[in-house]
Each structure stands twice: as structure tokens, then as C-alpha cells.
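Asks: Sequence:
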Amino acid sequence: MRYQPFGEVIKGFPLQFDPMVALRRRGSDPSGFFGSRVSPSTYRRALDEVRALVQPAFCYAVQPVLGAEPDRLLIATGQSLRSPVVAELFASAPEVALLVYTIGPALETRVAELRQQGKHLMENLLDRLGTLALQEVGAVAYGRVEELAREKGVRASIPLNPGTTHWPSADQTVFEELCPLNAIGVSLTASFFLHPLKSISMAIALGPDVLTPDKGSSCDYCATRHLCGL
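Its first residue numbered 65, the sequence shown is counted upward by one per residue in the working numbering.
Don't read these hints as lab results, they were simulated from the structure. You can trust all of the hints, since none of them are fake.
Computed beta-carbon distance windows for the label pairs: (1) Gly142 x Gly280: 22 to 30 Å; (2) Arg214 x Ser251: 29 to 37 Å; (3) Glu72 x Cys283: 22 to 30 Å; (4) Gly280 x Leu185: 36 to 44 Å.
Glycine included, every Cβ here is placed at the ideal spot set by N, Cα and C.
Required output: the full structure, derived from the provided sequences and hints.
Replies: Shown next, in the form of C-alpha cells:
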């Protein structure tokens with residue numbers, strides 16, 4: 065029987081965005097994240113604006129794993145995920161989900177306007193809140209892939225991202241080829257960045273014996289994790 069890839073596009077869903085919950089999820093100190101210059105009224109005004117601007121959306125495509133070599137995983141119709149970490153961790157999984165999620169362009173546009181107006185405190189605050197909102201969209205999106213894995217009677221692995229030290233950004237082209245990025249308003253630049261910038265791609269293995277988030281983290285495999293604000 066020929067394998068039938070599966071995927072979904074999900075957008076316009078209500079996002080229950082609480083920055084304090086998001087910060088606890090990532091283990092960050094709110095005072096250190098937002099800075100001491102942010103008053104409660106400024107914070108509330110910025111949060112209201114971010115909630116109005118965020119346009120959450122995600123898409124994913126589930127593809128077969130064809131095989132693994134030391135430095136790449138072969139999927140779909142022969143496309144390569146060129147990471148030794150992906151190859152090692154996902155080799156035994158029968159399927160891989162390629163997931164892309166975004167908060168849309170509106171917040172990015174507003175941040176640029178504030179920068180041009182010289183309102184740097186609000187610019188920085190909206191940008192940081194947008195990063196947290198993107199994290200929460202990612203949690204919803206990953207949760208959907210976890211749900212799909214349960215429906216299949218398997219598990220969802222830790223997510224791994226192109227653009228990390230073990231996986232070149234150029235492999236964003238595989239996501240562009242296999243995921244319906246246009247359906248969620250995301251595109252790929254010539255330098256392999258997703259646009260809008262507050263968009264993220266990740267690969268998740270689906271299988272009975274994959275490394276799950278309760279047993280490991282993508283940060284364990286990144287050589288620059290000590291420099292990362294996440």
C-alpha cells in the first residue's frame with residue numbers, strides 16, 4: 065500500500081496568552097526578562113496590544129522516514145534532513161512531522177513602527193511579549209502533534225529545529241517543499257529565514273521508542289545553549 069502523507073492547517077484559534085505562565089514554562093525570571101523600567105501600566109498596555117496583534121497559526125505534514133545515514137535522515141520522497149542529531153534520534157521512527165508555526169506579521173509591523181518613532185521601551189516590550197506569544201503558539205502546535213501521536217498509538221519526540229548548531233538553516237527548504245507555508249502566511253527568504261520573523265519550524269519523530277520531552281530536550285544537543293535566551 066502506498067504511504068499517504070497527512071497534515072493540517074490550523075489558524076485563527078483563541079490563544080490563552082499569559083506571559084507569566086509562558087515565563088514559568090521556560091524557567092525565566094519576569095523581572096529579568098522585562099527589565100526594571102517597565103511600569104505595571106506600561107506592561108498592561110503592551111500586553112493588551114500584543115493580544116490584539118497576534119494571529120496564531122500552524123501547519124504540519126507527517127511524512128515517512130525512509131532511512132538514516134550518519135549525517136542525515138531520509139524522508140518523504142527522498143528529501144534529506146541534514147543533521148547527525150536528527151539522523152541518530154529519529155532513525156527508528158516510522159514517521160516524522162514537519163511543523164511550522166507563527167504569530168503572523170502584525171506585531172512585527174507594529175514593532176517596526178515603534179522603532180521608527182523612537183519609542184524603544186515599548187518596542188522592546190512588545191517584541192519580548194511577542195516572543196513569549198510565539199512560544200505559546202508552539203506549545204499548542206506541539207500539543208496537536210502529541211495528540212496525533214496518541215491517536216496512532218505512538219509517542220511524539222522532542223522537537224528539533226533547523227538553524228541550530230547541528231542542522232543548517234538551508235534545510236528550511238524541505239519544510240517549504242513539504243508543508244503548506246502559504247496557507248499560514250509564512251514564506252522563506254533567500255537566506256533561509258522564515259518570514260514573518262516570529263515563525264519557527266521543527267521536526268518531531270512519531271514512534272514507539274522516541275526520545276520524549278520528559279526524558280530529554282533539544283537544548284541537550286545544541287553547542288551554543290549557554291548563549292541562548294530560551
